[in-house]
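**Student:** Here is what each chain is made of, one letter per residue.
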Amino acid sequence: MKHYNEAFKDIPGTTVFDAEQSRIGYHLNMFCMSLMKAENRAAFKADERAYLERFPMTPEQRQAVLDRDYNRMIGLGGNIYFLAKIGATDGFSFQNLASKMTGVPEDQYKAMMVAGGRPPKGNRSKSDPGK
Amino acid sequence: MARISAGVTTSHIPAVGAAIDLGKTHEPYWQPVFKGYEFSKRWIAEHKPDVVVLVYNDHASAFSLEVIPTFAIGCAESFQPADEGWGPRPVPVVQGHPELAWHIAQSTILDEFDMTIVNRMDVDHGLTVPLSLMFGQPAAWPVKVIPLAVNVVQYPPPTGNRCWNLGRAIRKAVESFDEDLNVMIWGTGGMSHQLQGPRAGFINREFDTRFLDKLTQDPEGLAKIPHVDYVREAGSEGIELVMWLIMRGALDRQAREVYRFYHVPASNTAVGHIILENQA
Chain C
692 MKHYNEAFKD IPGTTVFDAE QSRIGYHLNM FCMSLMKAEN RAAFKADERA YLERFPMTPE
752 QRQAVLDRDY NRMIGLGGNI YFLAKIGATD GFSFQNLASK MTGVPEDQYK AMMVAGGRPP
812 KGNRSKSDPG K
Chain H
118 MARISAGVTT SHIPAVGAAI DLGKTHEPYW QPVFKGYEFS KRWIAEHKPD VVVLVYNDHA
178 SAFSLEVIPT FAIGCAESFQ PADEGWGPRP VPVVQGHPEL AWHIAQSTIL DEFDMTIVNR
238 MDVDHGLTVP LSLMFGQPAA WPVKVIPLAV NVVQYPPPTG NRCWNLGRAI RKAVESFDED
298 LNVMIWGTGG MSHQLQGPRA GFINREFDTR FLDKLTQDPE GLAKIPHVDY VREAGSEGIE
358 LVMWLIMRGA LDRQAREVYR FYHVPASNTA VGHIILENQA
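If you read the sequences in order, they're chains C and H.
With positions in the first sequence counted from 1, the corresponding number in the working numbering is that position plus 691.
With positions in the second sequence counted from 1, the corresponding number in the working numbering is that position plus 117.
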């Protein structure tokens with residue numbers, strides 16, 4: 692099992708939602724899940740800090756939500772399908788979230804996709820040249 | 118007796134559903150995507166399945182982290198389109214086939230697949246986008262649907278080999294159902310894409326093309342691909358491709374490819390679509 696989980700760590704820019712991530716991210720992800728209900732979205736928008744207090748998350752997780760720092764949220768156990776519900780609440784598309792996580796403006800990210808996406812070359816392994 | 122006549126695989130990108138629902142299919146960005154399904158719509162109208170076993174994954178809609186079934190089979194009379202955070206898609210309610218669904222559940226469990234039986238489940242874009250791509254925008258879906266939700270969110274998901282073998286068990290189940298039914302099996306999700314982190318936007322046309330080739334020619338070879346290779350070569354969400362192997366396992370070894378479509382991009386994703394027919 693250890694070997695199975697470790698094998699993914701060589702892949703650059705990628706966090707696999709394994710047992711450990713799921714365990715540390717449980718309350719963060721369940722907060723995201725709560726945003727599936729319209730009344731909860733309204734309560735969150737009205738007072739984000741107060742709403743986040745309803746969930747036993749860590750202070751770092753709460754701050755990452757307030758900062759909309761998606762890479763940090765992923766590092767703290769967030770799963771992208773759950774985190775996307777924060778994006779939806781904010782009225783942003785998946786491509787907008789992708790531009791935030793990759794650190795490029797949205798139009799530039801979209802142009803990369805239209806041109807065929809991020810290529811495998813140099814992006815398969817942390818030991819690829821240039822990584 | 119019931120029989121499986123054909124298999125369909127397709128990506129199930131939510132933005133594709135939104136483009137259909139918002140009437141954007143003729144926009145230059147979307148046109149090539151929908152053009153790729155014109156043949157398929159004609160094909161399915163000619164082949165008229167009675168039931169589709171629709172293999173898909175839930176995206177934190179019906180299942181949160183409270184309960185995470187590896188294989189969940191929908192045995193209900195009907196399934197509501199899920200509210201994924203911006204209201205449910207304006208598509209018809211999905212009608213199930215409880216008798217066949219229960220039959221498949223019993224048969225596969227006795228074949229040692231520990232299925233989760235679900236009697237209430239909202240279905241998200243993973244299931245409804247493929248229906249829209251194949252049937253357009255009818256007032257009611259012209260087919261009964263047995264949802265088969267596969268966990269590909271929480272690691273570890275099922276192995277490709279497990280999916281392949283489940284497909285074989287589903288075939289055995291369908292063929293022992295005592296009613297003349299034309300059943301199709303669809304595998305959805307994929308192809309290469311990554312939605313998360315600094316590597317988001319990852320696409321691998323070469324891997325996808327090889328995968329499409331081997332789907333007919335060497336499915337046993339595909340069933341051996343380990344999870345880490347999917348993530349490395351097809352992006353973190355490319356792992357959804359294991360679900361295509363359930364479809365493939367339920368078909369003849371000699372199934373014939375009758376149609377293929379591949380396009381980059383739809384939003385963040387490589388669209389892959391293939392139709393395989395069993396020998397009559």
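None of these hints come from the bench; they were simulated from the model.
For glycine and all other residues, C-beta sits at the position ideal for the given N, C-alpha and C.
It is possible that part of the hints are untrue.
Claimed, not checked - Derived CB-CB ranges, DEER-like:
(1) 295(H) / 734(C): 29 to 35 Å
(2) 692(C) / 327(H): 26 to 32 Å
(3) 763(C) / 197(H): 33 to 39 Å
(4) 760(C) / 289(H): 36 to 42 Å
(5) 729(C) / 330(H): 27 to 33 Å
(6) 694(C) / 323(H): 35 to 41 Å
(7) 219(H) / 698(C): 34 to 40 Å
(8) 373(H) / 729(C): 34 to 40 Å
(9) 730(C) / 375(H): 32 to 38 Å
**Student:** A separate judgement is required for each hint: does it hold in the structure or not?
**Tutor:** Hint-by-hint comparison with the structure:
1. 295(H) / 734(C): 29 to 35 Å: violated, 53 Å
2. 692(C) / 327(H): 26 to 32 Å: Holds, at about 29 Å.
3. 763(C) / 197(H): 33 to 39 Å: holds, 35 Å
4. 760(C) / 289(H): 36 to 42 Å: Check failed, 49 Å falls outside 36 to 42 Å.
5. 729(C) / 330(H): 27 to 33 Å: violated, 46 Å
6. 694(C) / 323(H): 35 to 41 Å: Since residue 694(C) and residue 323(H) have Cβ atoms about 27 Å apart, the given range 35 to 41 Å is violated.
7. 219(H) / 698(C): 34 to 40 Å: holds, 39 Å
8. 373(H) / 729(C): 34 to 40 Å: For residue 729(C) against residue 373(H), whose Cβ atoms are near 48 Å apart, the range 34 to 40 Å is violated.
9. 730(C) / 375(H): 32 to 38 Å: At roughly 48 Å between Cβ atoms, residue 375(H) and residue 730(C) fall outside 32 to 38 Å, so the hint is violated.
When each numbered hint is compared with the structure, violations occur for hints 1, 4, 5, 6, 8, 9.
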